[in-house]
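Enquirer: As a plain string of letters, each chain reads:
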Amino acid sequence: EAQVTQNPRYLITVTGKKLTVTCSQNMNHEYMSWYRQDPGLGLRQIYYSMNVEVTDKGDVPEGYKVSRKEKRNFPLILESPSPNQTSLYFCASGLGGEYEQYFGPGTRLTVT
Amino acid sequence: GENVEQHPSTLSVQEGDSAVIKCTYSDSASNYFPWYKQELGKRPQLIIDIRSNVGEKKDQRIAVTLNKTAKHFSLHITETQPEDSAVYFCAPTLQGRYSSASKIIFGSGTRLSIRP
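Respectively, the protein sequence lines represent chains D and A. Heads up, the first sequence is in the numbering used here, so the first residue is 1 and it goes up one at a time. Heads up, the second sequence is in the numbering used here, so the first residue is 1 and it goes up one at a time.
Hints listed in this document are in silico derivations from the structure and should not be mistaken for laboratory results. It is possible that part of the hints are untrue.
[Unchecked claim] Derived lysine-lysine pairs resembling DSS-like cross-links, with alpha carbons at most 30 Å apart:
no., chain 1, residue 1, chain 2, residue 2
1, A, Lys42, D, Lys65
2, A, Lys42, D, Lys57
3, D, Lys71, A, Lys37
4, A, Lys71, D, Lys57
5, A, Lys42, D, Lys18
6, D, Lys17, A, Lys42
7, D, Lys65, A, Lys37
As the structure is a prediction and not an experimental result, all values here were calculated from the model.
Chain D extracted, bound-state conformation:
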C-alpha cells in the first residue's frame, strides 16, 4: 500500500530535550516536506527536499533541522524544543513540488 508514515503520532516532551520525528514514504517520491499546523494559521511549510542531499527552507524553518540521506526518509529534528513549537506536524511527499502531495497521518507534539 502506497503511504507516508510518521512516528511518533503523539509526543509530550520538555523544553530543551532533543527529539526527532521520522517520516518515510514508499512511493519513490523525490519531493518531501514538513509542515506545522496551528489553529487559524493553516499549514506552514518548515523545510522541503527536492532529492537526496537537497533541502531548502520553507516559511518557518527556525528551530528545526532536516536531513535527506535516503530518498524514502526525511526526519525532522528539534534540537532544543520550546513551547512555541507545540503543534500538529505533517510530513508529505510527491513526485515534485508541482504535483499532488501525499500527507502522513500527523504527529501531535506538546512541549512543556
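Fit chain A to the known structure of chain D by using the hints.
Expert: What follows is chain A alone, placed relative to chain D:
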C-alpha cells in the same frame, strides 16, 4: 515576498447550493494550483488541481478556475452535500531557491459548513 490569501475564512451554505472559495497569490512564476480538503482530525487530501496552461478543470461536482493574469484561482462546489463539510486549502507552488518552482505555501483555509 510570497503571499497567498484565501477567502472567505468561513462559509455556510444550504445543502444543495453552491460554494465558491477564492485564492490569490503573488508569485507570477507559479504553475501549479491545487486544492486540498481536510476533514476533522484527518490529513489534507488533494481534491482537484490545475496547471497554468488550462483555464478550468471539472471533476463531477467540483471545479477549479484559474485567472493567471489576475493571479487568482477558485474552487467551485455545486450541489453541496453534508460530506462536503470540511476545511479547504489552496496551495500554489512558488519559486524556490533552486531553478524549479518548489516551495508550497498553503492558504489559511476555509471552513465550509453545509446546513441541512
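Enquirer: Are the hints correct? Go through all of them and say.
Expert: Hint check results:
1. Lys42/A / Lys65/D: Distance of about 25 Å is within 30 Å: holds.
2. Lys42/A / Lys57/D: holds, 25 Å
3. Lys71/D / Lys37/A: Measuring from Cα to Cα gives roughly 27 Å; hence the hint holds.
4. Lys71/A / Lys57/D: holds, 24 Å
5. Lys42/A / Lys18/D: holds, 27 Å
6. Lys17/D / Lys42/A: Cα-Cα ~28 Å, so holds.
7. Lys65/D / Lys37/A: holds, 28 Å
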